[in-house]
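Colleague: Spelled out, the chains give:
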Amino acid sequence: MADTTQTQERPVYRNIHVSQIVSYRLPPAGIVSILHRVSGVMMFLLLPFVIWLFDVSLTSEISYERFSSAFVAGVGFLPGWFMKLVALALIWAYLHHFIAGVRHVWMDMTHSVSLAQGRVSALVTLGASAVLTLALGLKLFFF
Amino acid sequence: MQENFGSKRLVVGAHYGLRDWLAQRVTAVLMALFTLVLLAQVMFGAKLGYERWSAIFSSQWMRVLTFVVIVALLYHAWVGMRDVWMDYVKPVAVKLALQVFTLAWLVGCAGWAVQVLWRL
Chain A
1 MADTTQTQER PVYRNIHVSQ IVSYRLPPAG IVSILHRVSG VMMFLLLPFV
51 IWLFDVSLTS EISYERFSSA FVAGVGFLPG WFMKLVALAL IWAYLHHFIA
101 GVRHVWMDMT HSVSLAQGRV SALVTLGASA VLTLALGLKL FFF
Chain B
1001 MQENFGSKRL VVGAHYGLRD WLAQRVTAVL MALFTLVLLA QVMFGAKLGY
1051 ERWSAIFSSQ WMRVLTFVVI VALLYHAWVG MRDVWMDYVK PVAVKLALQV
1101 FTLAWLVGCA GWAVQVLWRL
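Protein chains in written order, with the working numbering: chain A, 1 to 143; chain B, 1001 to 1120.
Just so you know, not all the hints are guaranteed correct.
List of simulated lysine-lysine pairs, BS3-like, C-alpha gap at most 30 angstroms [what the hints assert, rightly or not]: (1) A:84 - A:139; (2) A:84 - B:1047; (3) A:139 - B:1008.
Residues from chain B shown here face chain A by an in silico Cβ test under 10 angstroms; the list is partial [unchecked claim]: (4) 1046; (5) 1050; (6) 1081; (7) 1110.
Please keep in mind that the hints were generated in silico from the structure rather than gathered at the bench.
Positions of the beta carbon are idealized from the N, C-alpha and C atoms, including for glycine.
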């Protein structure tokens, strides 16, 4: 019982503080992970907007006109281009969340998880969601 | 019945961790399949306008499927948002308030969506 008073200094691992976030460099899998969260919260917050779109697009032919004009003439004080921008943000969030989710389920089911695979699938997730968002964005704004 | 005393006593959680983990995946797969089903109906057929769009949600099977997906979304988003609050919000009172807000928000949204679906 000699070493009870003299304890060795142990390493302390604390949570990352908000102010330190920028200085941490995340690997691709980490970027996918945090964006999975961000996109989920975005869709949660914009859920009433999505249901409003669902509502006006389905209720009647007249309300359907309001639905399509929302992206041209705008809604209230919000211009049409802004509505399109919000829609595009939702499109990205959906695509990223979808693909990142498929990646998750695939990893859960196959158990084939390695550092290299995780890296490649993370890059594929980021790339695929970006390319699809770009394509749908071009369609939304220019065609 | 499972032994729950002595050395076999359960000392952690109520096992909702595994249940929620599984539920989040099952509901995700359901919503993904719904996306594909809806996308197939939107992409193939005549020019998309009010007629065809409302016809998609007028069929009884699509209405039931959409209802199931609304409930799945409710549960899925609840598990996800609860995770977010648990990870980032420490004070118990604030966490509880945010969780109550999340539930009210989601149940409200689900109710609205169901109303839209069934007055068609």
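Colleague: Checking one constraint from the list: CA of residue 84 of chain A to CA of residue 139 of chain A, max 30 angstroms. Satisfied?
Modeller: 11 angstroms, holds
Colleague: Given the hint that residue 139 of chain A pairs with residue 1008 of chain B, does the C-alpha gap stay at or below 30 angstroms?
Modeller: Judged against 30 angstroms, a Cα distance of about 60 angstroms means the pair is violated.
Colleague: Verify the interface restraint on residue 1050 of chain B: the C-beta must sit less than 10 angstroms from at least one C-beta of chain A.
Modeller: Check passed: Cβ of residue 1050 of chain B comes within 4 angstroms of chain A, closer than 10 angstroms.
Colleague: Against chain A, run the beta carbon of residue 1110 of chain B and see if the smallest gap drops under 10 angstroms.
Modeller: 9 angstroms, holds
Colleague: Return the status of the interface hint for residue 1046 of chain B: holds when the least beta-carbon distance to chain A is below 10 angstroms, violated otherwise.
Modeller: 16 angstroms, violated
Colleague: Identify whether the interface hint at residue 1081 of chain B stands, where standing means a beta carbon of chain A within less than 10 angstroms of its own.
Modeller: Constraint on residue 1081 of chain B satisfied, holds at 6 angstroms.
Colleague: So if I understand the rule, the pair passes when the alpha-carbon distance is 30 angstroms or less; does residue 84 of chain A with residue 1047 of chain B pass?
Modeller: 21 angstroms, holds
In the structure shown, a violation is registered for the earlier hints numbered 3 and 4, in ascending order.
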